[in-house]
Amino acid sequence: MVFLLALGASVIVAAASPKAGPESAKRPGPAAAVICQSCHGANGEGAPAAKIPRLAGQSADYLDKQLRDYASGARSNEVMQNFAKPLSEADRAEVAAYFASLTAPSIAPNPRATDSQLARGRQLAQQGSEAERVQACDNCHGPDGSGVPRSAPYLAGQSADYLAAELQSWREGKRKNDAGKLMSSVVQRLNDADVSAVSAYFSSLAAP
Amino acid sequence: MDKFSRRKFVATIGAATVAPASALLKAAPAEAVAPQQMAQRGSATLPAKPLYLFFNLAEAAFIESACERLIPADESGPGALGAGVPNYLDKQLGGAWGSGERLYRSGPWQSGSPSQGYQLPFTPAELFHVALRAVNRNFESQGAAFGTLSAEAQDAYLKTLEAGGVDLDGVPSAVFFDMLLRMSIEGFFSDPVYGGNRDMVAWRMIGFPGAYADYYEAIDRHGEKFAREPMSIGEDALRHVHIDPNIPASL
Amino acid sequence: MVQRLKEVDVVIVGVGMVGSIVAKELAAAGYKVVGLERGEARFTVPEFQSPAVHDELRFDIRKALMQDNTREPVTFRNASSETALPVRRWESFLPGTGLGGSMVHWNGQTYRFQANDFELATRTKERYGKNFLDKDVTIQDWGVTYAELEPHYDRFEYLLGTSGKAGNIKGEIQPGGDPHESPRSREYPTPPQKEHFQGALFRKAATSLGYHPFPQPSSNLSQPYTNPEGVKLNACVFCGFCERYACEHYAKSTPQTVILPVLLANSNFELRTGCQVQRINLDSSKKKATGVTYIDTAGREFEQPASLVITASFALNNVRMLLLSGIDKPYNPQSGTGVVGRNYAYQTMSSVAAFFDQDVIINPFMASGASGTLINDFAGDNFDHSGLGFIGGAFIGAVNTNGRPIQYHPVPPGTPAWGQGWKEAVVKHYNHTVMFSLHGSSVSTRQNYLDLDPTYRDAWGQPLLRMTFDFPQNDLKMAAYVTAKGVEIGKAMGAKLVAGAPRKAPYTTTVYQTTHNTGGTVMGNDPRTSVVNRYLQSWDVPNVFVIGASAYPQNASWNPTDTLGALTYWAIDALKNRYLKNPGRLVSA
Chain S
14 MVFLLALGAS VIVAAASPKA GPESAKRPGP AAAVICQSCH GANGEGAPAA
64 KIPRLAGQSA DYLDKQLRDY ASGARSNEVM QNFAKPLSEA DRAEVAAYFA
114 SLTAPSIAPN PRATDSQLAR GRQLAQQGSE AERVQACDNC HGPDGSGVPR
164 SAPYLAGQSA DYLAAELQSW REGKRKNDAG KLMSSVVQRL NDADVSAVSA
214 YFSSLAAP
Chain A
34 MDKFSRRKFV ATIGAATVAP ASALLKAAPA EAVAPQQMAQ RGSATLPAKP
84 LYLFFNLAEA AFIESACERL IPADESGPGA LGAGVPNYLD KQLGGAWGSG
134 ERLYRSGPWQ SGSPSQGYQL PFTPAELFHV ALRAVNRNFE SQGAAFGTLS
184 AEAQDAYLKT LEAGGVDLDG VPSAVFFDML LRMSIEGFFS DPVYGGNRDM
234 VAWRMIGFPG AYADYYEAID RHGEKFAREP MSIGEDALRH VHIDPNIPAS
284 L
Chain W
43 MVQRLKEVDV VIVGVGMVGS IVAKELAAAG YKVVGLERGE ARFTVPEFQS
93 PAVHDELRFD IRKALMQDNT REPVTFRNAS SETALPVRRW ESFLPGTGLG
143 GSMVHWNGQT YRFQANDFEL ATRTKERYGK NFLDKDVTIQ DWGVTYAELE
193 PHYDRFEYLL GTSGKAGNIK GEIQPGGDPH ESPRSREYPT PPQKEHFQGA
243 LFRKAATSLG YHPFPQPSSN LSQPYTNPEG VKLNACVFCG FCERYACEHY
293 AKSTPQTVIL PVLLANSNFE LRTGCQVQRI NLDSSKKKAT GVTYIDTAGR
343 EFEQPASLVI TASFALNNVR MLLLSGIDKP YNPQSGTGVV GRNYAYQTMS
393 SVAAFFDQDV IINPFMASGA SGTLINDFAG DNFDHSGLGF IGGAFIGAVN
443 TNGRPIQYHP VPPGTPAWGQ GWKEAVVKHY NHTVMFSLHG SSVSTRQNYL
493 DLDPTYRDAW GQPLLRMTFD FPQNDLKMAA YVTAKGVEIG KAMGAKLVAG
543 APRKAPYTTT VYQTTHNTGG TVMGNDPRTS VVNRYLQSWD VPNVFVIGAS
593 AYPQNASWNP TDTLGALTYW AIDALKNRYL KNPGRLVSA
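The listed protein sequences correspond, in order, to chains S, A and W. Position 49 of the first sequence, counted from 1, bears residue number 62 in my numbering, the numbering being contiguous throughout. Position 215 of the second sequence, counted from 1, bears residue number 248 in my numbering, the numbering being contiguous throughout. Position 66 of the third sequence, counted from 1, bears residue number 108 in my numbering, the numbering being contiguous throughout.
Since the hints were derived computationally from the structure, they do not count as laboratory data. Beta carbons: idealized from backbone N, C-alpha and C, even for Gly. There's no promise every hint is true.
As the list claims (entries may be wrong) - Short, incomplete list of chain W residues facing chain S, as computed with Cβ under 8 Å:
1) Y188
2) E290
3) N374
Stated by the list, open to error - To list a few chain A residues with every Cβ distance to chain W over 10 Å, as calculated:
4) N89
5) W130
6) R138
7) R166
8) R170
9) S174
10) L182
11) S183
12) I218
13) H255
Please model the complete structure; the sequences and the hints are all you need to start from.
Structure below.
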């Protein structure tokens, strides 16, 4: 859904959003975050089925960098670029900090994920695979994918469809904003089943 | 113990929590601290006593006081006691390393030059038991206890051990002191899974980020402080540190 | 009860980098090769994964990846007048064990030696005269030249994917590299790693003094890389857990990450782990090896017959293997006769600590094992030694690899060793100090050598290797000289306090220095002063090749690994194209 409001338009107080729950009423967000909430949810919980990622509690550094990369095109996504470009540096930092401060309940586990998928995903997450020469995701993404501040975002409780779409993007070389090719060099060695498995697994964990 | 009430404990910084303490049950009655006394000690939380499996009470008493002189609490943060260093020593000496893991233990036994290193037959566990027995016996024979001395007197005693020349039933005091100091530093700075460096206080004190270490982007920011809570090998997604299950410590 | 196995073409003792490369090449050429590794098999997944691998106590302090002293230490004394005693715990040097050997837990520092090093005796005499050296110094020419090894250095570096900046390509000096290096045929396979803050500070200061700083060549890669064997590596993330640790990211060049996948897929090669080789067996003439005898982890003894025996274990263990097998004559320092064990050398390490103000934030924990910036202006024979009274030198660099706090907590001289004063100093200086390394050469002498101990034994009942070593005067003078230069650089960096710590005698096994033990099965053109010829073939038993840093007649100013890699490919060339086609002496004695 494309929003016609330019971000410089009149301010709407975030707490007035119809989706607002008790959490967001505690701290009204910056004006610039309102538009984000219309897709990413009042509490930044995301819309998993629409592959819209959860932002609540995500590393502020990471969010800031992604907004910057969307704006410059380093991370390519037309919709997000439209939203990110008009943000000033200060706006960006504020928006990132705001979503980093939010909490939201975890999404329900995906009923379609099979036991063997989850087991395989867990193995890749915690140990990796020598056959594929892939290291454990947790090495960088923290214990149970809960994130390592200033290094890597959390994956736990993230939308499985979103994770799978991003992994696919890394694999195809469409997403390129990883410093040192740290993501693409690992992900290129995953096959389709592995991508589904690891996405399902992280999605099944409680979000931090 | 009175000594604790006079110490100034600095509140540990940071959110990492550990499993609730049950250790007070196991400590000797004389050393247990009643809850109301704890509340009166200001904002700092008195560290719970560890469950000692290796040290007996007299040994533990010496170790606790001695380690706290080696690494004292101050404005920068807790010292050996606050960090759980005596617990670390207890578990290491009571475990595989204490019984001589990785130590070549064949004779014949000869003392060598300093360049030739450790040449005693004692395992670390044996060395500590023998030395501590001798130390405590010396104090007892004078009707004293290391723990009741003033800080200055404790330091002076430790320096005599350090300088060598005191025979602790066959353990040269300098060797004992050296091992005590090394292990205290290990217990202070090692990963909390080993029972020391509680709540990663030592890492926080110096700014060492710990076991999760990806600095690919941060390394470009020359001269910029790397502001991140330290992370332990044993922490879970909720940032609780799980002590190694092979170390039956309770905190 | 010894079980005799089916004969194979080649048996290799030790499956570290040397063993892996030799095995791969010979198996690919169609030979049946058995590799005997005394340690266990281990791979990046699962054995090297973090966070478990980022455990300073386990890997740094308790030495989890190293040889177990309870089974096989060495004995040590500073001089023949003393009784050697067991090194009951490793500190000074840390012999590794296990599949992949010590290149699993190395730092990745990848330097070539210079042309001068390979003809050190000849060139020293030419430049400084024949009376320049102390009388006990026994440096020698290698019998092979840099030019002969250059293509093999290149091949090894491209196998590893080493990250660096060339300083001299075919004689043309390249900006940004080391102008002192001997000519290389092309650039490094990947560009240099990023420079950390301490490297940048060092660079600025060294340049201001007229020196030539350059990035340390690193086999912790700067970017993803696919090597000529088709094996892929990732970029290093500067985690600061390099030496003594295995890499979880597939970013450090190790046998596991550069060649084992290819080797293990070749059915001509059979890997056997947990096999402790006891000796190389000789026939009644004592001039031909028939194979090796080994004992597995269950204590069963086997004889593995082979036409060709290659010892590719760690330098010290290569020497011991020949001594235990009765190959060639053991060196006797009193009479000066014999060759096995002769010319043992080490590395002469000094350090400089530069302490800065609180506003200078160093972040020492952000580093790889080979990130950093250094100069070779005072290494090797890159400067005029006339009147100085020593040969050799050191590279000087801000090449600190970590901030792991049990071992790294620098404090200024005069700080108490414990107590309030110590703690304050640790907090004050941890993140505001730059430690330099001065990595110095090591000449060989008559009195530094290796042999078998008369008293102490390993877990299998065999005599331990005995090491007799102390720093020669030559190297101590060198250390003092280069340390003074290092202190000047520290001052030029704007440090508040600079403390130099030049290496002093006596050599002690109780303080870590390096695991760069060299010599003992020295290579050369003269069987009276070498154990192997220029192709690393034993003079005494021609179907035994001894490939390791034990071949070095003396040690140069740089880490030994790159040169060993080059010698390995050089020897493989001789094996594949000459020896195996027509077994016999490759060089007439």
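Tested hints:
1. Y188: violated, 34 Å
2. E290: holds, 5 Å
3. N374: Hint on N374(W): violated, closest Cβ of chain S at ~49 Å, above 8 Å.
4. N89: holds, 25 Å
5. W130: Answer for W130(A): violated, closest chain W Cβ roughly 7 Å.
6. R138: Given that some Cβ of chain W is not farther than 10 Å from that of R138(A), nearest at about 7 Å, it is violated.
7. R166: Consistent with the label, R166(A) stays out of reach of chain W, its closest Cβ about 23 Å off (over 10 Å).
8. R170: holds, 24 Å
9. S174: Per Cβ check, S174(A) is outside 10 Å of chain W; nearest 27 Å; holds.
10. L182: holds, 15 Å
11. S183: Given a closest Cβ separation of 14 Å, the condition holds.
12. I218: The claim is violated: I218(A) sits with its nearest Cβ about 6 Å from chain W, within 10 Å.
13. H255: violated, 4 Å
Of the hints listed earlier, those the structure fails to meet are numbers 1, 3, 5, 6, 12 and 13, in rising order.
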